[in-house]
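When you get a sec, could you build the whole thing from the sequences and use the hints?
One-letter residues, chain by chain:
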Amino acid sequence: MSAGWTREQMAARAAQDIPDGAYVNLGIGIPELVAQFVPEGREFIYHTENGLLGMGPQPTEEERDLDLMNAGKKHVTIIPGAAYFHHADSFSMIRGGHIDVCVLGTMQVAANGDIANWSTGAPDAIPAVGGAMDLVQGVKRIFVITQHTTKTGDPKLVEKCSYPLTGPGVVSRIFTDLAVVDVTEDGFRVAELAPGINFEEVREKTGAPILPPK
Amino acid sequence: MSAGWTREQMAARAAQDIPDGAYVNLGIGIPELVAQFVPEGREFIYHTENGLLGMGPQPTEEERDLDLMNAGKKHVTIIPGAAYFHHADSFSMIRGGHIDVCVLGTMQVAANGDIANWSTGAPDAIPAVGGAMDLVQGVKRIFVITQHTTKTGDPKLVEKCSYPLTGPGVVSRIFTDLAVVDVTEDGFRVAELAPGINFEEVREKTGAPILPPK
Amino acid sequence: MINKQYASVAEAVADIPDGATVMVGGFGASGSPIELLHALIDHGATDLTVINNNTGNGEVGLAALIGNGQVSKMICSFPRSSQSKVFPELYRAGKVALEIVPQGTLAERIRAAGAGVPAFYTPTTVGTVLAEGKEVREFNGRPYVMESWLKADFALIKCEVADSLGNLTYNKTARNFSPLMCMAATTTVVQTKTLVDRGGIDPEHVVTPGIFVNRVVEVTQPIHEDVLIAEGRSYP
Amino acid sequence: MINKQYASVAEAVADIPDGATVMVGGFGASGSPIELLHALIDHGATDLTVINNNTGNGEVGLAALIGNGQVSKMICSFPRSSQSKVFPELYRAGKVALEIVPQGTLAERIRAAGAGVPAFYTPTTVGTVLAEGKEVREFNGRPYVMESWLKADFALIKCEVADSLGNLTYNKTARNFSPLMCMAATTTVVQTKTLVDRGGIDPEHVVTPGIFVNRVVEVTQPIHEDVLIAEGRSYP
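Residue numbers (my numbering), protein chains in the order written: chain R, 1 to 214; chain F, 215 to 428; chain W, 429 to 664; chain V, 665 to 900.
I should point out that these hints are in silico values taken from the structure, not numbers from a laboratory.
Treat each hint with caution, since some may be false.
As the list claims (entries may be wrong) - The calculated label-pair distances, taken between Cβ atoms and stated as ranges, are:
1) E763(V) / S172(R): 32 to 38 Å
2) R256(F) / R508(W): 46 to 52 Å
3) H633(W) / Q230(F): 31 to 37 Å
4) E763(V) / R508(W): 46 to 52 Å
5) P571(W) / Q9(R): 36 to 42 Å
6) R661(W) / P294(F): 39 to 45 Å
7) V860(V) / V38(R): 22 to 28 Å
8) D861(V) / G270(F): 32 to 38 Å
9) E222(F) / P80(R): 51 to 57 Å
10) R806(V) / E517(W): 37 to 43 Å
11) P571(W) / E204(R): 35 to 41 Å
12) E763(V) / G383(F): 24 to 30 Å
13) T884(V) / E373(F): 58 to 64 Å
Claimed, not checked - Okay, derived cross-link-like pairs now, DSS-like style, lysine-lysine, Cα gap no bigger than 25 Å in a straight line:
14) K288(F) / K749(V)
15) K798(V) / K374(F)
16) K737(V) / K759(V)
17) K501(W) / K562(W)
In this text, a Cβ means the ideal position worked out from N, Cα and C, and glycines have one as well.
Below, the structure is given as structure tokens:
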């Protein structure tokens, strides 16, 4: 077993690439952890698509308000300077290119930046897309945080997504437990290896050609 | 000279045809007078397209607020229960069919309901449309208040507008100094004659075939 | 004097006919008009097409309406949730149809209906199965999908404060789709926690102007869906 | 800590380049950002395309900017007014171009730009000369005209209260086009009568969320255009 990055370390690494003052939308799962690792001296403002800019951390039991939740339907708090708005305004922020960074989990990412994170396409699956397709088309930079492979060892970074796409050619950077991987015109390229991980291991576990760090 | 209706009487007559509880947009000029003649027992709510629902009468000098005006850029007041909103919401009310009645002045109205009230089409004229084209397409019922003829005696109710259209086939009823005239599938039809006016006079002063009252 | 107040939720929904299209405000449990939904269950209209972001939770509110067999079609962005079992079962049994619409497109289609815009273009769903059969068109070299407005016969809305003219404010993220749905329905029915006289809401703070609202019912102690679910309740 | 405050109107407009497209908030005199406009006159950028509902009044603010020869094109719905002589003279002399857009279409095109919607359909202008050359398409048997989004490099906005994150409220009908323009410009510059710390505006009452605002300058005693005109003033 390799060392690599933990879930928290992946989130912390992703946070390093978000500029000060950015408006950020965090997907459900590991992406949510990004908010715990804002680098010293920076501030991010969190958007949640159900109508809130300036989302704060989870509430204590006393703070909890049943009408104050995020897009993952978890109860949240607000920071001073927050604003509420309706869904059309909220998705204007997304589709209109006003959100700087979106950090998403995924099922698959392809070497051309295609992402598939909403449906397995299984015949008996109930389709549920939420705001995923709006986010990947509208937000300026799409980051993905994901384990490098599935629980059964299949690569999640692939030549071509086998699952139905959420959006084509939208992902710019991927943060896995093994490496930071860029989507470039030449396909995947490792930008950084996790501690104790060598390029060969990353190459083996990637389902598409991948270039070593420059 | 015939008796006919004064400007105030034309406005009062138009007000009679506006149902209780209606949301109403009044154009500049004689249409503005409608607000002074709301029939006993009825209430109209006035919309002004620069972002106010619940417009009240003109302010006294003390009441006047420079930031509170109507679409004609006159200072106004608000009634209890008013609401401010931005221009996109305001024109959603118009274009989305939420305003019940719009009362407009006009240069010409044609027998098929075409209205021309924004431009003479003169080569040296500076075009200025404002919200007129949105109103005639969006509001449920378009009423027109106008003198039956121009100052030089030319008919304003015509077979076909010679001025550039504001909108085609949108007017439902016209209130002139001589008569109330409906736009029907058969063209103009007098619905009501002003006191002291006979049908022949109306027919003479109308620039298109016009049917007598049923 | 205009007064849009209705005496009861039952009266306010009494004329919703079978086959109606009904928008229901709320995002998950937040903003869900539980009392109006339960009144609609009591009323019994069937063959409804319901537009909501989700499909309800537990066995109350929207989930109960679906579970009661009154809904023939759902239009939503996310029909799954950890507490939503009613819809998946009926859907798999072929008893309720589903139109899946991305959340931002759903919001914009509803707004478009209220704004008199029959169609618009969006980048959302380009290159995906959800764009299949839809017109794709390039603007400035980028492809966009054409989407049409989405109207309803009725909207059922929960708000925080309403006045007798139908001006509304909401509570926090319970606002979500509700102001849009008020614009897009022929008849908008609102349950409000507090009903005030005209002038009771600052004109600068009105979120939904009264022109978009037809009926207001005061429900001073609205039950929150989350509370009903935590108590394991079902309806009827 | 994010802080969007700028020290002066001069600094806030200093990088507006020649040839820029600039949206200017306001409807007539209400909401017109006089101090920002005068700073733009001092700054001297030329060949500007300006988007506003009108063309200014008297010889101050927007009218003065046009009169100073800095505007090569106006996009507006209503270029005439009883107190607007500057634009008509320059327009007739062929020194400034004009694109006339119906008021509701102007508002919706600006919103569309902010909302990422490149084009939409509206019934407005159907059957008129303003629809000439535009795509007309039927939906449900009714013809509509296609209109495209309208973006800008800068927006100059007047508001009532702003916080340091750029959340804004407005005063009465001075709101008009301003919230839309904030959405549609690459760089939105706001003059505010009152600047408060974050938290100083109730999150329920924010009209323009800070994400749409880049720069905020406090102008505690803004001069109203109507007052300048009543005094017969001109600028510079």
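Hint check:
no.: 1; hint: E763(V) / S172(R): 32 to 38 Å; verdict: 37 Å, holds
no.: 2; hint: R256(F) / R508(W): 46 to 52 Å; verdict: 50 Å, holds
no.: 3; hint: H633(W) / Q230(F): 31 to 37 Å; verdict: 36 Å, holds
no.: 4; hint: E763(V) / R508(W): 46 to 52 Å; verdict: 48 Å, holds
no.: 5; hint: P571(W) / Q9(R): 36 to 42 Å; verdict: 38 Å, holds
no.: 6; hint: R661(W) / P294(F): 39 to 45 Å; verdict: 40 Å, holds
no.: 7; hint: V860(V) / V38(R): 22 to 28 Å; verdict: 24 Å, holds
no.: 8; hint: D861(V) / G270(F): 32 to 38 Å; verdict: 35 Å, holds
no.: 9; hint: E222(F) / P80(R): 51 to 57 Å; verdict: 55 Å, holds
no.: 10; hint: R806(V) / E517(W): 37 to 43 Å; verdict: 41 Å, holds
no.: 11; hint: P571(W) / E204(R): 35 to 41 Å; verdict: 36 Å, holds
no.: 12; hint: E763(V) / G383(F): 24 to 30 Å; verdict: 27 Å, holds
no.: 13; hint: T884(V) / E373(F): 58 to 64 Å; verdict: 60 Å, holds
no.: 14; hint: K288(F) / K749(V); verdict: 19 Å, holds
no.: 15; hint: K798(V) / K374(F); verdict: 24 Å, holds
no.: 16; hint: K737(V) / K759(V); verdict: 9 Å, holds
no.: 17; hint: K501(W) / K562(W); verdict: 20 Å, holds
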